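Chain residues, written in single-letter form:
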Amino acid sequence: MTGSKALSASRLCRKYDLKALGFKDTSELKDLHEPLGQDRAVAAIRFGIGVRHQGFNMFAFGPSGSGKTDIIRRYIEPEAAAQPVPDDWCYVNNFTTPDHPKMLRLPAGRAKDLAKQMENLTAEVRVVISAAYESEDYRTRLDVIVEQFKLKQEEAFENLQKKAGDKNVAIVRTPMGLALAPSSDGKVLNPEAFSKLSPEEQEQFKKDIGELEGELQAVVRMLPELEREQRREIVKLNREVTSFTVDHLIDEIREKWRDCTAVLVFFDEVQDYIINHSDVFRLSKDEAVETIPARMAADFMMQQERVIGNCQVNVLVSHKVDGGAPVVYEDNPTVENLLGRIEHRSEFGSLVTDFRLIKPGALHRANGGYLILDARRLVFQPYAWETLKRELRSREIRVETLSQMMSLGSMVTLQPEPIPLDIKVILIGDPLLYYMLSQNDRDFNNLFKVPVDFDDRVPITDEAISLYAQFIATEARKKQLMPLDRGAVEQVMERMTRLTSDTERLSSHTRSLSDLLSEADYWAASRSASRIEAQDVKHAVKAHIHRSDRMRERTQEQFQRGTMMLDTSGAKVGQINGLSVLQLGDFAFGRPSRITARVHLGRGRVIDIEREVELGGPLHSKGVLILSNFLAARYTENKPLSLTASLVFEQSYGGVDGDSASSTELYALLSALSDVPIKQSFAVTGSVNQFGEVQAIGGVNEKIEGFFDLCNFLGLTGDQGVLIPESNVKHLMLKDDVVEAAEKGLFHIYAVTNIDQGIEILTGMPGGEPDTAGNYPSETINARVKARLEAFAEAARQYVKSGSNDKASGVDDG
Amino acid sequence: MVESSTRHRRVLLQIDAATHCEETVGAAIDIAARLGGELHGLFIEDADLVTVGDLDFIREFRFSSPVAHQLDRLTLEGQLRAMARSIQRQLERAGNHRKVTVGFRAVRGDLWRLEKETHDDADLVIIESTGWLHSRNYRGQLVTRRGILAVKCPTLLLKGGQRLAPYVTIICDSVDSVDHGLQAVRALLGAQWKSITLLPFCLSEQEQAEILRFATKLSEDSDQATNENDRIHMMDPVNDDGNNVLSILTPDNCVVVMKTGGKFMNNSAQLEPLLTSRHPLFFIQ
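Quick mapping for you: the protein sequence lines, in order, are chains A and B. Taking our numbering, the leading residue of the first sequence gets 258, the next gets one more, and so forth. Taking our numbering, the leading residue of the second sequence gets -1, the next gets one more, and so forth.
Don't read these hints as lab results, they were simulated from the structure. Keep in mind it's a predicted model, so treat the numbers as computed, not measured. Misleading hints may appear alongside valid ones.
What the hints assert, rightly or not - Derived DEER-like restraints, expressed as beta-carbon distance ranges: (1) T518/A - E90/B: 50 to 58 Å; (2) D504/A - G101/B: 46 to 54 Å; (3) R32/B - R511/A: 44 to 52 Å.
To be verified - Derived lysine-lysine pairs resembling BS3-like cross-links, with alpha carbons at most 30 Å apart: (4) K157/B - K407/A; (5) K157/B - K444/A; (6) K157/B - K409/A; (7) K261/B - K424/A; (8) K444/A - K409/A; (9) K419/A - K157/B.
As the list claims (entries may be wrong) - Partner residues are not named here, just some residues of chain A that face chain B (Cβ under 8 Å, in silico): (10) V429; (11) T431; (12) G434; (13) A436; (14) A438; (15) F451; (16) K453; (17) L454; (18) K464; (19) Q474; (20) V477; (21) R478; (22) M479.
By construction, the Cβ of each residue, glycine as well, lies at the ideal position given by its N, Cα and C atoms.
Excised from the complex, chain A in its bound form:
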C-alpha cells in the first residue's frame, strides 16, 4: 500500500531539455536586452521616468542581488541622455553680506568659462592696477595733491612764521609738535640770556608768544582736517585711476555675457569691489616681501588673496553641453555627500571659510536629472533621510552642516543662497524597508509615489526557457566568461530552479546566476576547456555547497557517533523523526530530530515543552495548540478531552519555530494514544490544520536531503523515506543522489494530503473512516485513539465523582 504511494523518481526533480532551442553553446544566442521577468518593475520605471510631477520619485525594491541598480540604470541612462542638459550652478561672493554667498545660474557648460575669465581678470587687474599706480601720470597727480596739502600747510605756517619773526619769536619743531620760543638773530634764547632781558622785554615776549599761540593752535588744529581732505582727494584719485584701468577689462568680458543678467549684475559688483579695494592690488607679492616687514607682508598678501578670491567664481556644478541630464549614483549618502559641505581652512590658528569653500553634494550634481541612492545606507546615515526628505519637500538645496542643523557649535560658517532643486530620486532597497517606511513614515508616500517591485523568479514557460538561455548567454558575455554548452545551460537552469524551491519557477536572481557562471568558468578553465560544460556547473554547485557545509557534516557526524539519538530502522510508540531546516548564511540544510509524545490522564492539554521553556516560537506553539483541538473535535466530541500530552524535540537546545512539524507531532501523539509503534525509517514534515489536512511547508528539498544524507550515511535499507505534504510535490528539486536512490527503490518520498494517509504509512495500520454514528472500525488507529480518550474521560469522571474537589484538582497536575 505504501509502495504505491511513493512518488516516482521523475517527480523528484525537474530536468531541462533544450534541444529544441537548437544551439550548441551560448555564443550562438543573442543578447537579452530586456530584463527577464521584470515586466512590472520595468513598467514602473518607465512611468517613474515619464511623470515629472512632484513626489513621483521611485523606490525600487526586491531581493538583494536581483540586479535592481543595473536595470534602473539601463532604462534611465538613455532617457537622461535625451533630456535637456540642466544649467550650471556657481556660488559667488555676496559683497554686502559675505556670509550669505549668492548663487549664480548659468547656461550649461558656461560656468567654467566664467570662472576662467574671472581668474584671468583678477590676474590682469593686479598687473594693470599696479602699473597704473606706478605710472608717471598717477605719481604726478598724487604729487599735486600732496604738494597742495603742503602748500596749504606752508601757507598757514608762513604767515605765522612771518608774524613770529617780526616779534623775534621762533617756531620750534619738537618731536611731537610745535612750540614758540623767544629768539634773537635766529637763535632761541636760553634761560640765561632770557633772564638778562629787562622785565618789560620778558613780559613783551611772553605776551607776544601768548598771542601767537592762539594762531599756532588754530594752524595745528587745521592740520588733521587738511590731512583728511588730502586723504579724501587721494582716495578719489585712486578710484578714478582704478576705475579707468578696470572698466575696459570688465567691459571686454561683459560683452560675452550680455545674455545673462545675473552675470552682468555680478560684474557690476566686482567692478565696485575692485575699485574700493584697489590698494591691495598696488603691490605684487615680490614687491610686498621686499618693501615691507615680513609680518605685514604676510598680512598684506593674505588680504590681497582674499580680495582677489572674492572676485572669483566657485563652480559648483558644470555640465557638458551635449551631455544630457545627469544620472548620479551616490554610494555613501551622508548628509555632507548629499547636500555638499562648507570646508574651512586654517589661518593663523583660526578656522575660516568663504564661498569658495562650498563643495557640491550629490543633489547638486544630479540636479535636473536623476539621483540613485541605496535606501538602507541612506536611512542608516544620521539625519540623511530627514535631510533628503526636507530638500525634496522644499525643492531647494540648502548647504548646511550637521552642526548647523542641530544647532551645535559656534564655528564661523556660511548660509549660502538655496539652489532650486528639480530632481528625480530613485531609492534602491529591500522590500522590508519599503513596507516599513511606507507604513511608518508619513512623508514617504508623498515623496516616493512610484514603487518599483522587482521579482526574483520567472514562471517557467517555453518562451521563458528560451529567454532564460539568452539571459545566461548575456550574463556570461557581460562577465567575459567562456560560452556554456547546452548541457551546462540545462544544469544552470536546474540549479536556478532549485534556488526557487519551485519546479515551476526559475530564479532571476542575477547575482546568484552570475556567481554560478563565474565558478563554473573557473572549473572549466582549471581543466583547460574552451567552454563550460554540465560537469563544470555541477562541480561549481558541489564545491559551493562543500565550502559552506561544515556544520552539516558536523551534525551528521553527531548522529553517526550516537551523540544525537535518532533511529532509522525499527518502530517505536510515541516517537517519530521530524525534519527542520537550519539556515547558516546563504546555505540551508535539513536536520532530522527525534520528536516524542507521552500521554496520560489530564484536563485536555497538549503541553509543548519547547514553549514551556521558551524555546518554541509563536508559530510552533500555534501548531501544537491546533493538535489539542483536532483531538477533541475528532475523538471526544461529546466528552471532555481528559488527557495531558507532552511533546518535545529531543536533544534540541536551540529555538524551534514554524509549524512544519505539527503533523509530525500529531503522528507521535496518535501513536502514543493508540499505542501503535511508528516506523523509524521514516521522517515526516508538514503542517496540519484542525481538520487533519496536511499543509505545505518550506524547505522541503533541504529537509528530504537532510534525512537522506543521514540514512545514506548509516546505510540505505530500502525502507527509508520521507512523508511530505502533497502540496509540496511541485517544489521538489532534489539532488541527483536522492533521485538515483529513489529510482533504485532505496529511498521513498510519500506525498500525503491528510493525517489518516500519513499514519497508515507510518504505522502500517489504517487510520479508519468513521461510520454514520461516528464510530471507527476496529483495529484502526482512529478507533484505538478514540477508545483511549474515552477511557481517559471515563477515568476522569470516576475520579471526580469519588474524590473531593481538592483531589480532583490534583488530577489536573497529574
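Chain B: place on chain A using the hints.
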C-alpha cells in the same frame, strides 16, 4: 673708472630730531644696500630744541592733541629719547630686511661736526629735510654757499620726505664736474646711463665739445648703451644771463648734482632757488 667699485662703503645718515621722516631712512637703506655697504644713523638733537625745554613758559602744540601742553626739559628729553629709540628700531628693522649693517648714535647740538672721523670717513652723507619751515634752522647748514663748501665728502640732501627719483641732472660748469659727477652718481646713486642728463652751464664751445666727446665715449664704452635711447642725454647749454636752471630741470624731482666750488655755486641767483626747491641735491667735491 666710472663703474662702481666693489669696495666696502660707508653711508652716514644724519637724522634731525625735529624733522625726521621715514622715507629718508628707506632711501638711505636702499642706497646702502645697493652699495653693499653699511649705514650709520646719526640722530641729531637740535641745540635750540633743548634750550626750549629750559624756558618755563613754553607750551607745546601737539599734532595729535587739541590742547597745549607745558613743555619742560624733562618732557623734551623723554620725547627725544623715545624718538631716538624709535628711529634706531626702524633702522635696524630695515637693515635686517635688506641685509645692511646698521649703526646708530644720538648726538646733541653741533659738537658732532667737530668729530672729524664721523663724516670724513663716510663715502656718502645723507641729510634729510622735510621742507617744513620750522626745520630750516637745521638745514641752514646747507642753505648757504659757505655751508655747502664746508662739506668734505659727497653729500645727498633729501627733501620733503620723497622717494629718491632715478633721474639725475649733472650741472656741468667744468669738464671736471662732469667726470666727478658721473663717477659719483654711477657709484653712489647707481644711476643708469639713460637716466643721466648733462646740463652745461657757462661753458665755452670748446669745453662743451669736450664734454660731448667725453659723454659719447663713456656711453659707447658701456655695454648697456646699445642704442641712442640708452645713452646720456645732453641739454642745451645755459649761460650766466640765460634761463633759470630750476625752470628747465625735468622731471621736477630729479636729483641735481653740483660740484662744490664751481661756477654754478658762485651764482647765488641760480643756487638759491635750487636750494629751496623740491629737488634732492647731491654735492660732490
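Would the stated hint for M479/A survive a check requiring a Cβ distance to chain B of less than 8 Å? violated (11 Å)
Could one say that the CB atoms of D504/A and G101/B fall in the range 46 to 54 Å? Distance hint for D504/A, G101/B holds at roughly 50 Å.
Distance restraint between K261/B and K424/A, which requires alpha-carbon spacing of 30 Å or less: violated (38 Å)
For the hint on A436/A, just tell me whether its beta-carbon gets within less than 8 Å of chain B. holds (5 Å)
Hint status (Cβ of Q474/A to nearest Cβ of chain B, threshold 8 Å): Holds. Min distance 6 Å.
Are K419/A and K157/B close enough, with their CA atoms no more than 30 Å apart? Distance of about 22 Å is within 30 Å: holds.
When the least beta-carbon distance from V429/A to chain B is tested against 8 Å, hint result: holds (5 Å)
Please verify that hint: K453/A, Cβ, nearest Cβ of chain B, below 8 Å or not. violated (13 Å)
Does the structure keep K157/B and K407/A at a Cα separation of 30 Å or less? This hinted pair holds, its Cα atoms lying about 13 Å apart.
Hint check, G434/A versus chain B [nearest Cβ-Cβ separation less than 8 Å]: Holds, because the Cβ-Cβ distance from G434/A to chain B comes to roughly 4 Å (cut-off 8 Å).
Next pair to validate is K157/B with K444/A; report whether the Cα-Cα distance is within 30 Å. holds (23 Å)
Interface hint outcome for V477/A [beta carbon to chain B under 8 Å]: holds (4 Å)
In terms of the numbered hints stated before, the structure departs from hints 7, 16, 17, 18, 22, listed from lowest to highest.
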